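Chemist: With the hints as constraints, model all of the structure from the sequences given.
From first to last, the protein sequence lines are chains A and B. For the first sequence, my numbering assigns the number 1 to the initial residue and increments by one for each residue that follows. For the second sequence, my numbering assigns the number 1001 to the initial residue and increments by one for each residue that follows.
To be clear, the hints were calculated from the coordinates, so they are not data collected in a lab. In this text, all values refer to a predicted model and were calculated from it rather than measured experimentally. The beta carbon of each residue, even a glycine, is placed where N, CA and C say it ideally should be. Incorrect hints may appear among the rest.
[To be verified] Here chain B is said to cover these stretches of chain A; the calculated rule only asks that three of the stretch's residues, wherever they fall, bring their Cβ under 8 Å from a Cβ of chain B:
#, stretch
1, 5 to 15
2, 44 to 53
3, 93 to 101
4, 114 to 127
Next come the chains, spelled out residue by residue.
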Amino acid sequence: MNIFIRAVEAASRLCGLVSMVLLAAAVIVVSEMVFVRYVLGHSTIWQTEFVIYSIIASTFIGAPYVLLLHGHVGVDLLPNALARGPARLLNIVASLIALVFCALVAWTSGHFWYEAFSRGWTTETVWKIPLWIPLLPLPLGMIMTCLQYVVQIVKPVEPTQPEALS
Amino acid sequence: MSPLEIGLYIFIALMALFASGMPIAFALGAVSVAALLFTEGTSSLDILGETFFAGLNSFTLVSIPMFILMGSAVASSPAGKDLYEALDRWLNRVPGGLVLSNLGACSIFAALSGSSPATCAAIGKMGIPEMRQRGYPPEIATGSIAAGGTLGILIPPSITMIVYGIATETSIGRLFIAGILPGLLLTGLFMLWSIYACWRQGLSLKSMADRYSWKQKFEVLPRVLPFLAIIAGILYVLYGGVATPSEAAGVGALFCLVLVVLIYRMFRAKPIISMFRDTAKESVMIMMIIAASELFAFTLSLTFVTQSIAEWISMLDVNRWVLMAMINAFLLVAGFFLPPVAVILMTAPILLPIILQAGFDPYWFAVILTINMEIGLITPPVGLNLYVINGIAPDIRLQTILRGSLPYVMCMVLAIVILCIFPGIVTWLPTALMGPAL
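Modeler: Below, the structure written as structure tokens:
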């Protein structure tokens, strides 16, 4: 079990790193696009789409990492007011509901991805890249989020500072 | 089951899931899935993945992570400290001295970061110890920073305004411009209260100020002016319609990052990685809520809840100002518990048709909504800024911070009243700069 927990947490950290790299790439490409469009006066082809898709990918792939950091904001008034036992129970129930939701998104988006992949759909723009590429991060990120939730449910709790709202 | 009943059950289920401490994004999603299953059957879940993806498939949304990066680049550097020092050196002869410098620094920093807790932390870390050292009572020192920090979501660029713009399909550039005068009005009210509070406590403000030479006044400027230039640049390109918010945000973020690295010589990888980690953490959290609220809004609309609530309200036929007061009370309560972004995304699709029908300006309402959200940031039970301040000055009790910030809450209520009487404070500048709204 310990190996499973450590493997999932390591994978979530890797996801976090990928998410940050995608974010940095988006910043650089937006700036390049502004330079090409406004300074050189050329038209741009692939940049807008690239930036949108890398931000989407950064979000979904970053989701398990942010879950690991307890960074997904929630209202923790009741859990904080409860004693440790009931609070843990509530946390498990809430995690299970969230897990089911993430699994459903993973399943339906995986299905959508498979359709795009097997039918060779492309994006409806000048760039025309295969649609399965931008779609892939959603099922991947959600599967990882599910695994991270499993870890959160089975892992013995250490008393941590609850994450504040932001 | 009637749409209003479905709406009621959705509301109850949502409250229950929120109370469990579940992340807001997943709670919104889970309730939507349950409502879809219940009303439309299993086939309706086919669109789940597609809708989740479509919720983020927009170039405008790109501006959110970019502005967050811009804010965390500035927040993780000593820029906040320099900004504060510069204002202190230039404003120290003004009556009210240090508190005013702090509030001024908050409003300028707000313009760089678009986030309230970041503003609070950056200015408070420097300002609170300094104010206490110079004899200001702890409630004024902490209350003013808690309140000043809330300006982050009103003064452009503001993440809250971007989210409102996306949820209501209004112009983000126009929303930004609309926030400027109310932001200054609120800063002014905060300052007036601070001067009065200090005077009442018998603090002779002038004698407490150090004198600075012209050399001292000018030597801080080179570290501060480039950031002010970036703010001015962003506002210029947005209201001039030169570039889109996402382009302005992307270039602004890159400039801020480069400036921070060059000015403060942060050449090691560690601070830069931590900057990106802070950004990823906040941006993923907000973007997940946005994706989930796309699904939520879709569900409400498919089950006719949105339309029925709007219809029901219009049938009530109440006076429009009574309606506005009710909406304000509702937003205020929601803001006590939920972060601004979540409140806006959940309520905008329901409230906007009601607002428009009652003849209110959507840009004016954006400002009113934002000030309501600001109040929620410094009131219990989940006033984020209070906890940020508590973290900076752990020896000051939460009650003291709360007592200090309460008068500033009154300033915000007063600002809402003023804006209701003189809506021109919001609408004049955008109209003067960009022409009448379409």
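Chemist: Hint by hint, say whether it matches the structure.
Modeler: Each hint, compared with the structure:
For the stretch 5 to 15 of chain A, the stated coverage by chain B is not satisfied: 0 residues place a CB nearer than 8 Å to a CB of that chain, which falls below the threshold of 3. With 3 residues having a Cβ less than 8 Å from any Cβ of chain B, the stretch 44 to 53 of chain A passes the three-residue criterion, so the hint holds. A stretch counts as covered by a chain when three or more of its residues have a beta carbon under 8 Å from one of that chain; for the stretch 93 to 101 of chain A and chain B the count is 7, and the coverage holds. Counting residues of the stretch 114 to 127 of chain A whose CB lies closer than 8 Å to any CB of chain B gives 0, which falls below the minimum of 3, so the coverage claim is violated.
Of the numbered hints stated above, those contradicted by the structure are hints 1 and 4, listed in ascending order.
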